[in-house]
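These protein sequence lines are chains A and B, in that order.
Counting from 0, one number per residue, gives the positions in the first sequence under numbering that gives the first Met the number 0.
Counting from 0, one number per residue, gives the positions in the second sequence under numbering that gives the first Met the number 0.
Derived by calculation from the structure, the hints in this document are not laboratory data.
All residues carry an ideal CB built from backbone N, CA and C; glycine is no exception.
Hints may be right or wrong, so weigh each one.
[Unchecked claim] Facing chain B, a subset of chain A residues (Cβ under 7 Å, in silico):
| hint | residue |
| --- | --- |
| 1 | Pro583 |
| 2 | Val584 |
| 3 | Ser635 |
[Claimed, not checked] What follows is a set of in silico ranges between Cβ atoms, one per label pair, in the way DEER data are often shown:
| hint | chain 1 | residue 1 | chain 2 | residue 2 | range |
| --- | --- | --- | --- | --- | --- |
| 4 | B | Pro82 | A | Val569 | 55 to 63 Å |
| 5 | A | Asp606 | B | Asp380 | 38 to 46 Å |
| 6 | B | Gly215 | A | Val569 | 37 to 45 Å |
| 7 | B | Asn315 | A | Gly408 | 28 to 36 Å |
[Claimed, not checked] With a straight-line cut-off of 25 Å between C-alpha atoms, the simulated DSS-like cross-links for lysine-lysine are:
| hint | chain 1 | residue 1 | chain 2 | residue 2 |
| --- | --- | --- | --- | --- |
| 8 | A | Lys401 | B | Lys105 |
| 9 | A | Lys402 | B | Lys356 |
| 10 | B | Lys125 | B | Lys252 |
| 11 | B | Lys213 | A | Lys536 |
| 12 | A | Lys232 | A | Lys402 |
| 13 | A | Lys629 | B | Lys275 |
| 14 | A | Lys518 | B | Lys125 |
| 15 | A | Lys422 | B | Lys212 |
| 16 | B | Lys243 | A | Lys614 |
| 17 | A | Lys422 | B | Lys275 |
| 18 | A | Lys629 | B | Lys5 |
| 19 | A | Lys536 | B | Lys356 |
| 20 | A | Lys401 | B | Lys212 |
| 21 | B | Lys121 | A | Lys629 |
| 22 | B | Lys356 | A | Lys518 |
| 23 | B | Lys202 | A | Lys401 |
| 24 | B | Lys350 | A | Lys496 |
| 25 | B | Lys213 | A | Lys401 |
| 26 | B | Lys176 | B | Lys213 |
| 27 | A | Lys614 | B | Lys202 |
| 28 | B | Lys121 | B | Lys105 |
| 29 | A | Lys226 | A | Lys536 |
| 30 | B | Lys400 | B | Lys252 |
| 31 | B | Lys279 | A | Lys614 |
| 32 | A | Lys401 | B | Lys121 |
| 33 | A | Lys402 | B | Lys400 |
| 34 | B | Lys364 | A | Lys629 |
| 35 | A | Lys226 | B | Lys279 |
| 36 | B | Lys252 | A | Lys422 |
| 37 | A | Lys24 | A | Lys106 |
| 38 | A | Lys515 | B | Lys213 |
| 39 | B | Lys336 | A | Lys496 |
| 40 | B | Lys125 | A | Lys401 |
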Amino acid sequence: MFYATSKEHEELRAKVREWVEKEIKPIAFMLDKNNEFPREQIKAFGKMGLLGIPYPKEYGGLGKDIISYAIAVEELSRVDGGTGVILSAHVSLGTYPIFAFGTEEQKKKYLVPLAKGEKLGAFGLTEPNAGSDAGGTETTAELVGDHYILNGEKIFITNGGEADTYVVFAVTTPGIGTRGISAFIVEKGWEGFTIGDHYDKLGIRSSATAQLLFNDVKVPKENLLGKEGQGFKIAMNTLDGGRIGIAAQALGIAQGAYEAAVEYAKDREQFNAPIAQLQAIQFKIAEMATKIRAARFLVYSAAELKEHHEPYGMEAAMAKKYASDICLEVVNDALQIFGGNGYLKGMEVERFYRDAKICTIYEGTNEIQNVVIASHILGKAAKATAAPAKGKKKGPITGSRKKMILKDGSAKERVQTLVEALKADGHDFTVGIDINTPIIEAERVVSAGRGIGSKENMKLVTDLAAAAGAAIGSSRPVAEQLQYLPLNRYVGMSGQKFTGNLYIACGISGAGQHLKGIKDAATIVAINSNANAPIFKNADYGIVGDVNEILPLLTKALDTGAKKPAPPMVKMKKAVVDEPKPAPVGRYVCLGCGYEYIPELGDEEGDVRPGTSYKELPEDWICPDCGEEKANFIPSSNEK
Amino acid sequence: MSCVRKVTEDLYWVGVNEKRLHLFENIHPIPRGVSYNSYLLLDEKTVLFDTVDWAGCREFLNNVKEVLNGRPLDYLVVNHMEPDHAASMEEVLLRYPECKVISNEKAFMFMHQFGFHVEDRKEEVKEGDTKTFGKHTVTFVAAPMVHWPEAMVTFDTTNGVLFSADAFGSFGSLDGKLFADEVNFDRDWIDDARRYFCNIVGKYGPFVQLLLKKAGTVPIKMFCPLHGPVWRNDLGYYLDKHDKWSRYEPEEKGVLVLYASMYGNTEAAAQELASKICDKGVTNVAMYDVSNTHVSYLVAEAFKYSHIVLASVTYNLGIYPVMYDFLHHLKALNFQKRTFGIIENGTWAIKSGTLMKEYIEEELKECTVLGAQVSVNSSADETNAPEFEALADAIVQSVQKLEL
Chain A
0 MFYATSKEHE ELRAKVREWV EKEIKPIAFM LDKNNEFPRE QIKAFGKMGL
50 LGIPYPKEYG GLGKDIISYA IAVEELSRVD GGTGVILSAH VSLGTYPIFA
100 FGTEEQKKKY LVPLAKGEKL GAFGLTEPNA GSDAGGTETT AELVGDHYIL
150 NGEKIFITNG GEADTYVVFA VTTPGIGTRG ISAFIVEKGW EGFTIGDHYD
200 KLGIRSSATA QLLFNDVKVP KENLLGKEGQ GFKIAMNTLD GGRIGIAAQA
250 LGIAQGAYEA AVEYAKDREQ FNAPIAQLQA IQFKIAEMAT KIRAARFLVY
300 SAAELKEHHE PYGMEAAMAK KYASDICLEV VNDALQIFGG NGYLKGMEVE
350 RFYRDAKICT IYEGTNEIQN VVIASHILGK AAKATAAPAK GKKKGPITGS
400 RKKMILKDGS AKERVQTLVE ALKADGHDFT VGIDINTPII EAERVVSAGR
450 GIGSKENMKL VTDLAAAAGA AIGSSRPVAE QLQYLPLNRY VGMSGQKFTG
500 NLYIACGISG AGQHLKGIKD AATIVAINSN ANAPIFKNAD YGIVGDVNEI
550 LPLLTKALDT GAKKPAPPMV KMKKAVVDEP KPAPVGRYVC LGCGYEYIPE
600 LGDEEGDVRP GTSYKELPED WICPDCGEEK ANFIPSSNEK
Chain B
0 MSCVRKVTED LYWVGVNEKR LHLFENIHPI PRGVSYNSYL LLDEKTVLFD
50 TVDWAGCREF LNNVKEVLNG RPLDYLVVNH MEPDHAASME EVLLRYPECK
100 VISNEKAFMF MHQFGFHVED RKEEVKEGDT KTFGKHTVTF VAAPMVHWPE
150 AMVTFDTTNG VLFSADAFGS FGSLDGKLFA DEVNFDRDWI DDARRYFCNI
200 VGKYGPFVQL LLKKAGTVPI KMFCPLHGPV WRNDLGYYLD KHDKWSRYEP
250 EEKGVLVLYA SMYGNTEAAA QELASKICDK GVTNVAMYDV SNTHVSYLVA
300 EAFKYSHIVL ASVTYNLGIY PVMYDFLHHL KALNFQKRTF GIIENGTWAI
350 KSGTLMKEYI EEELKECTVL GAQVSVNSSA DETNAPEFEA LADAIVQSVQ
400 KLEL
């Protein structure tokens, strides 16, 4: 047995290397600095057929093997880790589920343009409450007629916003955990599907990572991927393969850093000789090379197993874990060899150092890789420790709110309605506080988000704050990136928390971390041009409209001339909002003793996993309390 | 000496009244006493339907003897094995050696456990079986978990009498009256009937619903329960109450205010809220001190009203124990579908409100806690005024928009 790649593999490597050195290398620093996606370059890369490397020619792919794909990711990452993951997310995550689980029609419609590189793919699984634990998925898809109605939020989505085709996971049967999740193909631009925040990342900054927002998105029934309830299986299966891509990315980053360090060590002279002659440096280089070689064999071997349809889940996890772990060590040593020079912006090793870290985190943290590896060796984790599926759906982050969204009437009428409602709630606008009152002490805050636009528009916000007798605040990006306000005035989980009586959010879309900072506000008012912005689901009152139009009107309506100083704040509680808790579903009670079977909990003693419906219980299952047979249960709902 | 009443042709009430017992099931106070009902059918065969608690055995045996008037007892039908009805069966079997026992498999198993020996004289029946005693033919209908698993009811197809076991019962001794139409039930009895149902059978709503469905298929003319009056008129009134209770739907739009107060400050807050609620137009308000009202009354009132306000001090960083006990009873009884308002009090670390809210949201099905809440720091003062206002408004709005 000869552990080597074929001539064909090496020809592909040379082709990709030539392209990336020419097209990406010169702009890599700029992409990194500007958080910029190499849109034109990726289009050209697709035209060369390289976005469809491992897919059959009949579907528009190159028809090459998995190692070829791994080599391509490795070579892109060797120059720029961000570009590497664009390919990996497209091939392994966005395209693979359609290739592996799609119908012939779905493949023709979606796989072909993806493989040909005409379209870019992405994969939407992660949510604020569903990271490593997909059972926490809260995005829902409800079948209404011949459409599913998709609602929810996905975060940290690679290629988000840049991709045309998204494989999205959503709950179709609530209350039964991962078995209730299904996969859907969703197209960019469908009504209600918007791209939320683009994240400002530590590394891989040339790749796009964004939040996906689904607001009553109509997904045709035929875009269900696989069957209802197969989503979790599809996701896990996809991630198994995706790990080869991430392993290859880590390998490429390590390779790039290693090569740069070797070059530098030969060039840099100290004590009248290249530092490469120093044993301290030699040992580092020897260690780096050894680790990279070991990682490469793990990556290629996992790719080879997959290519030959052998079980490869454990080996892919090992490759991902090992390659990313050693990648961190290699970039660290490489930067160390560069010394102070490596610490400067513009140096490749500085970028590699930042790019590397993500590889131990995404597509399953390395801790999760260990769980995967151990489960292959030792079997699934004991059922006793399995977390119960989440039965209760969480509501908006800010709790129950009135959600009175004013859409009708002229802008002036809407503003008038809002002001009357606020006064009726007990807000007295004849008194006010200083605009610079610290957020945590403020009774009222008027806050600006990115929707405010240019810096001149901040005048609108300060005018409104003065008229409303409020202090001024902002969202994080407004303080951190746009720098319209000092950092101590941004509101959010990581910033200042507002617990006063009135919060007026102007042009703030409502990221989770922002909403957590205002969850104890008595009244939340949202003004935003995007009716689908999450802030509206978390507000008591909302006006959908342009800040340029609404803020001056509101300022005028609230302006009572000079404000009297406000008396000490009396904290108002959040107003009523009755939202009856939904009736539990799928519960059955025992005719022999009254025991209630709760699917979310399963029956630990009876070896029934959480999330098992009554129907799925084995026929020989008996009541854990009295031993009655399964047949002697009745539904516990009390409907007439 | 005996105390007997004729129920209808061929059928006699031979039960007893219990007025000396303080606690029913040794837990629920019964200041109005309770009756243990037993019924005797005189047909070609003589048939006794259930017996009574051991405490009333002697008087009961006299009643049976008088009605039999020298005839042998042919059958004892045991619908329910709980000792307040079955404890005297051993004595009946000793005195009437020819008597056979008709019951179901589970009930026979329970008899064995209680030490009643019926091996050579039992006739086992199951759901849907019929038995003819002469003119009268009865059908046996299983009523599992109302509120024991062996429970069954027996329907006399000849005259429409349903021997309903513990279903449709009530606390309260009969004291001569026998029929619900001989008392002012809706004035004098309904509270005890509700308290009996909610505390004894409350947990088993789905099973009561199952029984009500079965009952809907046969022409019932009379309920003969094992406690409380016999129903021969206006059965719909009583059925409707049971339907509501077993679906955990409130009977009335109104507010139950329960407070746990150590020195009167929380009580004062509860009073302040109650006056505000009444002021705003919702006057169907009832208030209890959880520390001096037995929890069975609190539970029954909770089943009655649509809205509940809990006012509790913080005690050992938790909910006041008596209030916690009440919440725990609600959970144990499968209590559902209510809207709660909360007043919390504390002098250094106010926690009871958050904890009560959590308990209600986590442990009680389909219950909602209003967003408005009153937080009292030791004693309510003017800074709490907006909170009282907001909570009262929230409750009144919620009551008014509710449709029953």
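Against the structure, the hints come out as follows:
The closest approach between the C-beta of proline 583(A) and any C-beta of chain B is roughly 6 Å, which is under the 7 Å cut-off, so the hint is satisfied. Because the beta carbon of valine 584(A) sits about 11 Å from the nearest beta carbon in chain B, more than 7 Å, this interface hint is broken. The restraint placing serine 635(A) at the interface with chain B holds, with a minimum CB-CB distance near 5 Å, inside the 7 Å limit. Judged by the Cβ atoms, the range 55 to 63 Å given for proline 82(B) and valine 569(A) holds: they are separated by roughly 59 Å.
A hinted range of 38 to 46 Å for the beta carbons of aspartate 606(A) and aspartate 380(B) is inconsistent with their spacing of about 58 Å. In this structure the hint that glycine 215(B) and valine 569(A) lie 37 to 45 Å apart at CB is violated, the actual value being about 56 Å. Restraint check, asparagine 315(B) to glycine 408(A): a C-beta distance of roughly 54 Å breaks the suggested window 28 to 36 Å. At most 25 Å may separate the alpha-carbon atoms for a hinted pair to count; lysine 401(A) and lysine 105(B) exceed this at roughly 54 Å.
At roughly 22 Å between alpha-carbon atoms, lysine 402(A) and lysine 356(B) fall within 25 Å of each other, so this suggested pair holds. With a C-alpha separation of about 42 Å, the suggested pair lysine 125(B) and lysine 252(B) falls outside the 25 Å cut-off, and the hint is violated. For the proposed pair lysine 213(B) and lysine 536(A), the alpha carbon gap of about 46 Å is over 25 Å, so the pair is violated. For the proposed pair lysine 232(A) and lysine 402(A), the alpha carbon gap of about 37 Å is over 25 Å, so the pair is violated.
For the suggested pair lysine 629(A) and lysine 275(B), the alpha carbons sit about 52 Å apart, so the restraint of at most 25 Å is broken. A threshold of 25 Å between alpha carbons decides the hint, and for lysine 518(A) with lysine 125(B) the separation of about 58 Å lies outside it, so the pair is violated. Of the pairs offered as hints, the one joining lysine 422(A) and lysine 212(B) is violated, with about 52 Å between alpha carbons and a cut-off of 25 Å exceeded. Distance check on the hinted pair: lysine 243(B) and lysine 614(A) sit about 29 Å apart at the alpha-carbon level, beyond 25 Å; violated.
As the CA atoms of lysine 422(A) and lysine 275(B) are separated by approximately 21 Å, the hinted pair is consistent with the 25 Å bound. Between lysine 629(A) and lysine 5(B), the direct Cα distance comes to roughly 44 Å. Violation of the 25 Å bound is thereby established for this hinted pair. For the hint linking lysine 536(A) to lysine 356(B), the alpha-carbon distance of about 22 Å falls within 25 Å, and the restraint holds. Proposed proximity of lysine 401(A) and lysine 212(B) is contradicted: the alpha carbons are some 40 Å apart, above 25 Å.
For the hint linking lysine 121(B) to lysine 629(A), the alpha-carbon distance of about 29 Å lies beyond 25 Å, and the restraint is violated. Note on lysine 356(B) and lysine 518(A): the hinted pairing holds, with a Cα-Cα distance of about 17 Å set against a maximum of 25 Å. Straight-line distance between C-alpha atoms of lysine 202(B) and lysine 401(A) comes to about 34 Å, which puts the hinted pair past the 25 Å bound. Taking the CA atoms of lysine 350(B) and lysine 496(A), the gap is near 21 Å; set against the 25 Å cutoff, the hint holds.
Of the supplied pair hints, the one linking lysine 213(B) and lysine 401(A) is violated, its CA atoms being roughly 44 Å apart against a limit of 25 Å. Our distance criterion of 25 Å between C-alpha atoms is broken by lysine 176(B) and lysine 213(B), whose separation comes to about 29 Å. A threshold of 25 Å between alpha carbons decides the hint, and for lysine 614(A) with lysine 202(B) the separation of about 24 Å falls inside it, so the pair holds. Of the supplied pair hints, the one linking lysine 121(B) and lysine 105(B) holds, its CA atoms being roughly 13 Å apart against a limit of 25 Å.
As the CA atoms of lysine 226(A) and lysine 536(A) are separated by approximately 31 Å, the hinted pair breaks the 25 Å bound. As the CA atoms of lysine 400(B) and lysine 252(B) are separated by approximately 10 Å, the hinted pair is consistent with the 25 Å bound. For a cut-off of 25 Å, the pair hint linking lysine 279(B) to lysine 614(A) is broken: about 50 Å separates their Cα positions. Restraint check for lysine 401(A) and lysine 121(B): the C-alpha separation of about 65 Å exceeds 25 Å, so the hint is violated.
At most 25 Å may separate the alpha-carbon atoms for a hinted pair to count; lysine 402(A) and lysine 400(B) meet this at roughly 18 Å. Between lysine 364(B) and lysine 629(A) the CA atoms are separated by roughly 24 Å; this keeps the pair inside 25 Å, and the hint holds. Distance hint between lysine 226(A) and lysine 279(B) is unfulfilled; the C-alpha atoms sit about 54 Å from each other, more than 25 Å. Between lysine 252(B) and lysine 422(A) the alpha-carbon distance is near 30 Å, which puts this suggested pair outside the 25 Å criterion.
Between lysine 24(A) and lysine 106(A) the CA atoms are separated by roughly 34 Å; this puts the pair beyond 25 Å, and the hint is violated. Between the alpha carbons of lysine 515(A) and lysine 213(B) the distance comes to roughly 52 Å, so the proposed pair goes past 25 Å and is violated. Among the hinted pairs, lysine 336(B) with lysine 496(A) is inconsistent with the structure: their alpha-carbon atoms are about 34 Å apart, more than 25 Å. About 55 Å separates the Cα atoms of lysine 125(B) and lysine 401(A), which puts this hinted pair outside 25 Å; it is violated.
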